[in-house]
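Given these sequences and hints, build the entire structure.
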Amino acid sequence: MAAVHGDAHGHEHDDHHPSGIMRWITTTNHKDIGTMYLWFSFAMFLTGGTLALGIRAELFQPGIQILQPELFNQFTTLHGLIMVFGAIMPAFVGFANWQVPLMIGAPDMAFARMNNWSFWLLIPAATLLVSSFFVPGGAAAGGWTFYPPLSTQGGLGVDLMIFAVHILGASSIMGSINIITTILNMRAPGMTLMKMPMFVWTWLITAYLLVLVMPVLAGTVTMLLTDRHFGTSFFNAAGGGDPVMFQHIFWFFGHPEVYIMILPSFGIVSEVIPTFSRKPLFGYSSMVYATASIAILSCVVWAHHMFTAGMPTVGQLFFMYATMLIAVPTGVKVFNWTATMWRGSMTFETPMLFAIGFIFLFVIGGFSGVICAIVPIDIQVQDTYYVIAHFHYVLVSGSLFALFAGAYYWIPKWTGRMYNETLGKTHFWLSMFFFNLTFFVQHFLGLAGMPRRIPDYNLQFADFNMISSIGAFGFGLTQLLFLYVMINCIRSGEKAPQKPWDGATTLEWTHLPTPAPYHSFEKPPVVQ
Amino acid sequence: MVNGNSKANVLMMKKLLVFTLIMFVFGYALVPFYEKFCEVTGINNLLKPDVLVKDNNWVDEERFVTVEFDANTRGLPWQFKPLQRSARIHPGEPITVMYEIANNSEREMIGQAIPSYSPRFLDKHLKKFECFCFTKQVLKPNEVRQMPVQFVIEPGLPTDIHTVTISYTFFELPDGASTIKK
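From first to last, the protein sequence lines are chains A and B. FYI, the numbering used here numbers position 452 of the first sequence as 452, with every residue one higher than the one before it. FYI, the numbering used here numbers position 82 of the second sequence as 82, with every residue one higher than the one before it.
The hints are simulated quantities; they were obtained by calculation from the structure and are not laboratory data. Mixed in with the good hints there might be a few duds.
Simulated pairs of lysine to any residue, SDA-like, Cα-Cα distance not exceeding 20 Å [to be verified]: (1) B/Lys7 to A/Pro189; (2) B/Lys124 to A/Asp242; (3) B/Lys15 to A/Asn185; (4) B/Lys7 to A/Leu184; (5) B/Lys136 to B/Asp70; (6) B/Lys36 to A/Val244; (7) B/Lys7 to A/Pro107; (8) B/Lys36 to A/Ser233; (9) B/Lys15 to A/Ala170; (10) B/Lys124 to A/Pro312; (11) B/Lys36 to A/Ala309; (12) B/Lys136 to A/Thr232; (13) B/Lys14 to A/Leu184; (14) B/Lys7 to A/Glu522; (15) B/Lys124 to A/Met311; (16) B/Lys124 to A/Ala309; (17) B/Lys7 to A/Met114; (18) B/Lys7 to A/Ala188; (19) B/Lys128 to A/Gly240; (20) B/Lys15 to A/Leu184; (21) B/Lys36 to A/Asp242.
Written out as structure tokens, the structure is:
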């Protein structure tokens with residue numbers, strides 16, 4: 001995204017910057033770092049996607065054709081780890097880097113040097129993860145949740161994964177500290193907390209969740225590491241440890257983590273929907289409170305991942321009701337988005353299509369989540385494709401669709417150029433079609449009892465698996481179209497008008513030229 | 001950078017770093033908390049003796065339960081076996097069963113047995129008054145030892161259960177390790 005650079009505004013400062021590759025390595029500019037985060041996460045998205053296509057290729061037909069079971073397990077494990085920690089989370093941090101300073105009228109992130117660090121830590125972490133395929137014994141193969149005893153027994157690949165998680169955690173914590181400080185201390189005069197754009201609010205709450213649970217994950221993997229190499233027995237039953245305790249501590253991190261991956265997408269959708277409905281967001285303050293209550297509730301529902309691990313009935317009931325309670329603030333959000341669109345003068349450019357697709361499919365994922373929360377049903381569908389379908393509906397058509405919406409929405413501001421609207425819409429409709437082709441049938445597979453993380457299956461599951469695999473390859477190839485649309489936009493897109501979306505009201509559209517200059521808001525704007 | 005590394009920002013960073021550190025320690029604090037929670041609620045109470053309630057010694061002579069005994073070792077060169085493979089008892093009737101361990105190696109070793117039950121909910125109805133699994137076992141080279149386990153299966157055991165299995169696995173403890181208590 002070189003077009004960001006070289007603006008007349010930025011020239012006097014650019015003289016101090018090294019050029020070429022050193023510019024990117026040493027940069028402390030939030031826009032450069034945001035750009036690098038986004039490219040990195042897209043590269044990891046393609047890597048994780050390739051692993052997913054390996055999985056779907058193996059599952060195209062019953063029997064073992066392409067991947068031996070050991071390698072298949074490594075594929076499912078690394079697909080999960082790379083998508084969660086390498087693709088979705090850094091992508092949202094990339095959006096935060098670009099947009100948070102622009103939307104609150106700050107000149108840059110609070111700690112620019114630390115910002116550079118938190119990005120460059122991602123590279124060794126990703127290298128460790130990907131290279132673990134080539135060490136003796138292969139990559140970690142015990143699932144992305146790395147439950148012991150598999151993770152205490154695995155080979156070198158597990159150690160590489162543990163180090164990668166450590167580094168990624170450090171990067172996330174540094175990023176969150178930066179985001180919290182920027183939002184709390186560096187808002188433009190007049191921008192009170194309750195005037196902040198929704199995207200900034202959701203990121204503030206997400207960053208707090210990150211500093212709350214990321215250190216717990218770091219502790220968990222440290223315990224795993226000392227269990228493996230230094231003779232402790234936190235999770236090792238032989239030494240008096242308890243593998244079920246790992247699940248409790250892991251999900252104490254893991255459940256807030258899933259909201260870390262969805263709250264910023266709520267923020268993006270809450271920016272896109274009002275813009276293209278040409279109405280202010282309906283129920284702004286209820287949106288803020290709903291986000292906060294989702295974050296708080298997310299810390300007390302972790303054991304719904306463990307209903308079959310052994311738990312007293314009273315515990316199951318508590319976690320079941322607490323989980324179902326989350327549907328209330330989430331429902332508030334969905335109704336607010338719908339009410340924002342109600343009687344708005346709507347247009348359906350690509351960002352809006354992705355935002356509406358998000359609402360539509362995320363609600364399906366939300367409902368299957370409520371179904372999974374019901375203990376007697378969960379015991380039936382635990383570890384089946386029903387769960388796979390559920391969390392891909394919230395993570396792919398949830399988080400990822402919102403990321404696409406955000407990318408199409410802000411790319412004119414970032415590059416000063418418009419993307420090709422026809423190709424953008426084609427990308428949306430193909431994604432929508434192939435996504436549902438891939439994952440909708442997995443609900444049926446799960447209800448019929450097909451277990452996850454197994455490379456082979458009973459003949460009765462053959463037809464749905466073939467449909468799902470065809471959908472997966474279609475979905476994967478469609479994302480190359482997204483890459484083309486973006487590169488095409490950056491290189492030769494039409495020049496974007498000053499305000500391409502006439503419904504946009506946030507600071508980056510109203511107070512900055514398009515494209516945003518390399519150094520923006522050196523004099524803070526005054527917000528009425 | 002107008003207010004890049006201002007005092008307020010650095011103060012905020014310090015606060016957040018302290019919070020991060022607290023949460024890291026909290027992760028570790030979850031371990032004793034978890035163990036205490038299990039102890040207080042009686043979940044996972046495998047390695048503590050149960051107390052015999054004197055006035056509750058009703059024996060259900062109407063039915064029999066077959067108790068099968070299983071013994072395993074893991075990662076240590078010991079021989080470990082029950083002296084009887086199974087027992088047929090009435091629920092409520094106390095029984096003592098002997099197990100034998102032999103250290104076949106040429107060095108002194110420490111081990112401890114961890115129990116496991118089938119069906120899983122047997123632990124609710126099984127009361128153990130004495131068990132070699134409550135303490136670690138130190139065996140000299142080639143030493144052979146016989147050890148008792150004394151228990152009762154309470155009459156509250158569901159009537160559709162006719163056979164249960166009590167299994168012990170010996171694990172090696174490092175030198176100088178203390179007894180595992182849970």
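Take the C-alpha atoms of B/Lys7 and A/Met114, compute the straight-line distance between them, and say whether it is at most 20 Å.
Between B/Lys7 and A/Met114 the Cα gap is close to 16 Å, so the pair holds against 20 Å.
Proposed proximity, A/Leu184 with B/Lys15 (alpha carbon, max 20 Å)
holds, 13 Å
Given pair status - A/Met311, B/Lys124, alpha carbons within 20 Å:
holds, 13 Å
Check whether the Cα positions of B/Lys7 and A/Pro107 lie no farther apart than 20 Å.
Between B/Lys7 and A/Pro107 the Cα gap is close to 17 Å, so the pair holds against 20 Å.
Starting from B/Lys36, check that the Cα of A/Ala309 is at most 20 Å away, please.
holds, 19 Å
Going straight from one Cα to the other, do B/Lys7 and A/Pro189 come out at no more than 20 Å?
holds, 18 Å
Between B/Lys136 and B/Asp70, does the CA-CA distance stay at or below 20 Å?
Within the cut-off at roughly 19 Å; holds.
Pairwise hint evaluation, A/Ala309 against B/Lys124, where the allowed Cα distance is 20 Å at most:
Given that 20 Å is the threshold and the Cα spacing comes to 17 Å, the pair holds.
Take the C-alpha atoms of B/Lys15 and A/Asn185, compute the straight-line distance between them, and say whether it is at most 20 Å.
holds, 13 Å
What's the verdict on B/Lys136 and A/Thr232, does the C-alpha distance respect the 20 Å limit or exceed it?
Judged against 20 Å, a Cα distance of about 17 Å means the pair holds.
Measure nothing beyond the straight line between the CA atoms of B/Lys128 and A/Gly240; if it is 20 Å or shorter, mark the hint as holding.
holds, 19 Å
Would the pair B/Lys7 and A/Leu184 pass a check requiring their Cα atoms to be no farther apart than 20 Å?
It holds: about 13 Å lies between the C-alpha atoms, which stays within 20 Å.
Every hint, counting from the list given before, is met by this structure.
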